[in-house]
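> Heads up: the sequence lines are chains A and B, in that order.
Numbering follows the numbering used here, in which position 123 of the first sequence is assigned residue number 123; successive positions increment by one, without gaps.
Numbering follows the numbering used here, in which position 45 of the second sequence is assigned residue number 1045; successive positions increment by one, without gaps.
Please keep in mind that the hints were generated in silico from the structure rather than gathered at the bench.
Each hint should be verified, as a subset may be incorrect.
[To be verified] Label-pair ranges, simulated between beta-carbon atoms:
1) A:V203 with B:P1127: 45 to 55 angstroms
2) B:V1021 with A:L243: 26 to 36 angstroms
3) B:H1082 with A:L53: 32 to 42 angstroms
We put the CB at the ideal spot given by N, CA and C, even for glycine.
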Amino acid sequence: MDKTIKTQEMVLNMGPQHPSTHGVLRLRLEVSGETVVKCTPFVGYLHRGTEKLAEGMTYLQAIPLMDRLDYISSMTNDVGYCIAVERLFDINPPLRAKYIRTMVSEVSRISSHLLWLATHALDIGAMTVFLYAFRERERILELFEMLCGARLTVTYPRIGGVRNDVTQEFIDTLYQFTEEFPDKIKEYETLINVNRIWLKRTVGIGVISGEEAVNYGLTGAALRGSGVDYDIRKHFPYDAYDLVNFEVPIGKNGDVYDRYLCRMEEMRQSNSIIRQCIEALPTGPIMTSDSPKYTLPPKDKVLNNMESLIHHFTLITKGPMTAPQGEVYVATEVPKGELGFYIISDGTGKPYRMRVRSPSFVHVSALPRLCQGGMIADVVANIGSIDVVLGECDR
Amino acid sequence: MEPNQIAESLKGEFTGEVVAVKEFRGQTGITLKKDRLLDIARRLHDAPEFSFDFLRDICGVDFKKIKTPRFEVVYNLYSMTHRHALRLNVQVEIKEFVPSVTSVWKTADWHERECFDMFGIVFDGHPDLRRILMPEDWAGHPMRKDYPVAGHEDEEWPGFRDVLKKAEDFKKFGWYK
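If we strip away everything but chain B, and leave its shape as in the complex, we get:
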């Protein structure tokens, strides 16, 4: 099935949910509202004519000062049987919840955790939403556009003090000068 046909049939089935259909370099992306994402995901996974059994990737994008729903969560789907691909761009405003798709694709678990860690997007219904790459007591979400690359200068990670203290303690062994 061609990605455009999939977009058309989604438009017919979930009226008002599909905001736009983009095509670039032979890849089709559908921009969606977030409310009925779980239904759409389940339909795409289960229906034999779509059968998107493989979720390749989930990532967040921060469109600060460019678009009005500030964030987008991007789902890259692929079907092993039909060999067609589709991209879902789900719009989400700051402090809004996105339904979690872990019940459909298990691989979404860690991708959503990373998305929460890096962008602060909260996934509703996720079984274990914790930080994954950054330390648990880290303040802020590093991949946001308003987060400086070198980190905030005035805010220090509390764990850093422990590391410094440990280095100080090692001095008594004489090999750290």
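Just chain A, with the same shape it has in the complex:
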């Protein structure tokens, strides 16, 4: 055997149809043995031109488009969009609507985190967690169905409030859920928190320091896992978040395991926020009546009051005709991270430019940094830990 063995790098294509990429994400991996030398993500397979479509629609018509960005937690997207438009028009929704929106956003956050936990665990090989998490997620989807008739694409919030009031049945069922849910989180944690395989697959994988994570633009639990205290609910409080008490869980090491711990603790905090909202839910209107030129009037007024009928008609057909000119960037904390809306209004009923800053897009762009130098199997763990949805990434 005098021949020397030659080795060469291999190019491996992962996706777009791959069960562990959580959508149509394609990765081009250059591997040397088992080690990833270079990782290049390709996105855009789900590009629907949401920003371009929104330019041709009135502010109200664009709400269903926002549902379809992050279809796992459409409620938080809608709330984020409505808050951005409210900031642009300087509308202040009533307190009850604020509490309801906070409550349903947190329900949505739990549902999104449950789906993340289920698929992330499934990718790494823990199948039971998947079944456990979907059991609770089904209850949440039933709650949404009770609230507004839709399970996934809810279109529940409106500019200046919410579409319909919550029923007592919904409140009771939700309260029952929040009483049982902490025990369920314990169940998941018993399965994987100190599971040896889970620890081997997650601890010390995809490490990123806090400073670097900020530079790469990571937000949400992906950033907090690296020890940076940045939560928009605390930095720029919106809705009723300054009226409820909650803590922001912070990690230390910035690896896959710490991001996992952060999200698990976030579910507990969300549960506590929901309980506080239910206990403090004030009575009153669910839609503001201060700015009738921008917000929809209640249905009985439309049928009996001529002025309301005119406002309703112009809002639906042309949009707000006296919109102020200006530009705002408003961000909200969605389960994935920071969802920002940059809206430029030119005074007509339609936005001149509507930019969506989606957290998944930025997270995928940081994927090469997390994957390079690691093993091929860890790529899957990394994709799970940054929690991406490709509908939001490609917009």
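Got chain A sorted already, so can you dock chain B onto it with the hints?
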């Protein structure tokens, strides 16, 4: 530090670069010329009194027939330590280059690629300026105001023919009718 003070100190430091300072709903936007953008970005990132360590977003805006430098590239900045925010609106004419800020904030990489893809604004010094959301052989830049929402009728994307051909090929299996 208040955003107005930041604008004032930028005006003093980079004379002639700041075109206008706008304020709306408590948010401050500074309109800049593009030439010394990289210096300004580095100063905003590095100086301890500003320390804008987090670039929230970059996006392009097309002001066709409204403003004379046709495009604007908008940078939304935030400082984690001081908790202040600032917006930079950088003016750029068609077929002009904007200096890339990827050397300051790594997150600018994909945002600039998207801006190039959607508006055709070229970023000078970007490490890998390719299309990102649209196919690589796509003609035109979809987010421009003169690009129709449904696309140009007479121009067909070449990749579409391949898809049609593939669908035709699948007919021989009998399940596609």
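> Tell me if the beta carbons of V1021 (chain B) and L243 (chain A) are separated by a distance inside 26 to 36 angstroms.
At 34 angstroms between Cβs, range holds.
> Regarding H1082 (chain B) and L53 (chain A), is the given constraint of 32 to 42 angstroms on their beta-carbon distance met?
holds, 37 angstroms
> Using the beta carbons of V203 (chain A) and P1127 (chain B), state whether their distance is inside 45 to 55 angstroms or not.
The hint (45 to 55 angstroms, Cβ to Cβ) is violated, given that V203 (chain A) and P1127 (chain B) are roughly 32 angstroms apart.
Checked against the numbered hints given earlier, this structure breaks only hint 1.
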